[in-house]
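Q: I would like the entire structure built from these sequences, with the hints used as guidance.
Quick note: the sequence shown uses the numbering used here, first residue 6, plus one each step.
Derived by calculation from the structure, the hints in this document are not laboratory data. Computed from a predicted model, the values in this text were never measured in an experiment. Where is the CB? At the ideal position from N, CA and C, for every residue including glycine. Please note that a few of the clues may not be correct.
To be verified - Here are the simulated BS3-like cross-link-like pairs (lysine-lysine), alpha carbons at most 30 Å apart as the crow flies:
#, residue 1, residue 2
1, Lys159, Lys220
2, Lys126, Lys72
3, Lys159, Lys72
4, Lys174, Lys231
5, Lys107, Lys126
6, Lys221, Lys231
7, Lys115, Lys72
8, Lys174, Lys220
9, Lys174, Lys159
10, Lys220, Lys231
11, Lys107, Lys72
12, Lys115, Lys126
13, Lys174, Lys115
14, Lys159, Lys231
As the list claims (entries may be wrong) - Derived CB-CB ranges, DEER-like:
#, residue 1, residue 2, range
15, Ile235, Thr183, 47 to 53 Å
16, Glu199, Phe134, 50 to 56 Å
17, Glu258, Glu202, 23 to 29 Å
18, Leu79, Val257, 45 to 51 Å
19, Ser268, Leu78, 53 to 59 Å
20, Glu222, Thr82, 33 to 39 Å
21, Asp114, Thr14, 39 to 45 Å
22, Pro265, Leu148, 20 to 26 Å
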Amino acid sequence: MPFCSKCGTSIAETQSFCSSCGEKINGSPEVSSPASSVREESGTLIFFMALFFGCWGIHQFIAGNTKRGLVYLLCATLGACLIVPVLVIFILVLIDLFRIAKGDFYSDDKTIHYQGSVWMKVLAFLWVFAIPLLLILGIVVALAIPKMYGMNDKAMASEVSPVAGTYIKLQEAYYAETGSIGNWEQMGYVAPGENSETENFVYSDLNPGLVAMNKKEMGDCPVGNKWTVIPEVVTTENGYSDIRFTVIPPDVEACDLLTPHFSELR
Numbered sequence: 006m007p008f009c010s011k012c013g014t015s016i017a018e019t020q021s022f023c024s025s026c027g028e029k030i031n032g033s034p035e036v037s038s039p040a041s042s043v044r045e046e047s048g049t050l051i052f053f054m055a056l057f058f059g060c061w062g063i064h065q066f067i068a069g070n071t072k073r074g075l076v077y078l079l080c081a082t083l084g085a086c087l088i089v090p091v092l093v094i095f096i097l098v099l100i101d102l103f104r105i106a107k108g109d110f111y112s113d114d115k116t117i118h119y120q121g122s123v124w125m126k127v128l129a130f131l132w133v134f135a136i137p138l139l140l141i142l143g144i145v146v147a148l149a150i151p152k153m154y155g156m157n158d159k160a161m162a163s164e165v166s167p168v169a170g171t172y173i174k175l176q177e178a179y180y181a182e183t184g185s186i187g188n189w190e191q192m193g194y195v196a197p198g199e200n201s202e203t204e205n206f207v208y209s210d211l212n213p214g215l216v217a218m219n220k221k222e223m224g225d226c227p228v229g230n231k232w233t234v235i236p237e238v239v240t241t242e243n244g245y246s247d248i249r250f251t252v253i254p255p256d257v258e259a260c261d262l263l264t265p266h267f268s269e270l271r
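A: As structure tokens, this is what we get:
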């Protein structure tokens with residue numbers, strides 16, 4: 006009868022282990038471990054789902070990680086409402102991208118292993134730099150577009166002040182020569198454009214005076230607002246006659262703000 010080499014207890018020939026100390030008996034058959042049930046799959050689909058739709062957790066749902074996918078989806082929803090910073094979602098997806106690229110990404114039950122690749126690591130690194138740049142670019146564009154539209158509106162309205170300034174100078178010259186106020190024809194004044202109409206404004210003779218009416222909407226300035234110049238002869242403190250001009254900007258403030266120099270004309 007054989008004995009245990011560790012504690013000396015007698016053991017039966019059919020025993021694999023000592024009943025006293027648990028020592029393995031020499032010559033006993035090895036207990037084979039069950040074959041691995043993990044299935045290898047390409048991580049390409051999962052990687053691209055994370056790359057383009059990671060913030061919604063699509064790659065997690067595909068991998069069967071439903072709970073984690075719901076967490077991502079919740080973070081994306083809250084992030085859209087500015088409750089959770091977008092940076093949190095960015096970090097979560099970034100971690101997944103590198104896990105997939107390194108071949109360290111599994112399904113929820115650990116039965117599927119998604120294989121990584123070197124090109125995935127390269128794309129993940131590029132993604133790290135691309136997303137912040139896109140966010141910065143988006144912010145810049147969001148801030149710049151309204152300013153660009155505002156500059157365009159001011160450019161459209163910018164013709165009014167020079168036109169009114171030219172009219173005032175000619176009217177002053179006519180008054181200095183004749184001692185009276187004249188209409189456009191008498192002064193020899195010709196408004197810009199064909200038939201006193203440009204792309205943005207229509208000019209009319211108030212006989213005497215000048216009015217410019219916008220025929221296009223300029224930002225918050227609606228069509229039909231008027232910029233008016235009215236000349237009149239006044240008596241000064243010394244008893245002399247002189248010409249003065251009343252400059253009337255539009256009633257709509259948005260229109261008036263487009264022509265800041267118009268009200269300064271005298």
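Q: Now look at each hint and say whether the structure bears it out.
A: Against the structure, the hints:
1. Lys159 with Lys220: Distance ~15 Å between Lys159 and Lys220 Cα, so the pair holds.
2. Lys126 with Lys72: holds (26 Å)
3. Lys159 with Lys72: Given pair Lys159, Lys72 is violated - Cα atoms ~54 Å apart, limit 30 Å.
4. Lys174 with Lys231: At roughly 20 Å apart (the allowed maximum being 30 Å), Lys231 and Lys174 satisfy the hint.
5. Lys107 with Lys126: holds (7 Å)
6. Lys221 with Lys231: With Cα atoms ~12 Å apart, Lys221 and Lys231 stay inside 30 Å; holds.
7. Lys115 with Lys72: holds (15 Å)
8. Lys174 with Lys220: Satisfied, since the Cα-Cα distance of roughly 25 Å is no more than 30 Å.
9. Lys174 with Lys159: Given that 30 Å is the threshold and the Cα spacing comes to 24 Å, the pair holds.
10. Lys220 with Lys231: holds (10 Å)
11. Lys107 with Lys72: Measuring from Cα to Cα gives roughly 23 Å; hence the hint holds.
12. Lys115 with Lys126: holds (22 Å)
13. Lys174 with Lys115: violated (87 Å)
14. Lys159 with Lys231: OK: Lys159 and Lys231 at ~15 Å, within 30 Å.
15. Ile235 with Thr183: 47 to 53 Å: violated (18 Å)
16. Glu199 with Phe134: 50 to 56 Å: Given about 55 Å between the Cβ atoms, the range holds.
17. Glu258 with Glu202: 23 to 29 Å: holds (26 Å)
18. Leu79 with Val257: 45 to 51 Å: holds (47 Å)
19. Ser268 with Leu78: 53 to 59 Å: holds (56 Å)
20. Glu222 with Thr82: 33 to 39 Å: Between Glu222 and Thr82, where Cβ atoms are some 38 Å apart, the hint holds.
21. Asp114 with Thr14: 39 to 45 Å: holds (43 Å)
22. Pro265 with Leu148: 20 to 26 Å: Holds - the Cβ-Cβ distance for Pro265 and Leu148, about 22 Å, lies within 20 to 26 Å.
Checked against the numbered hints given earlier, this structure breaks hints 3, 13, 15; the rest are met.
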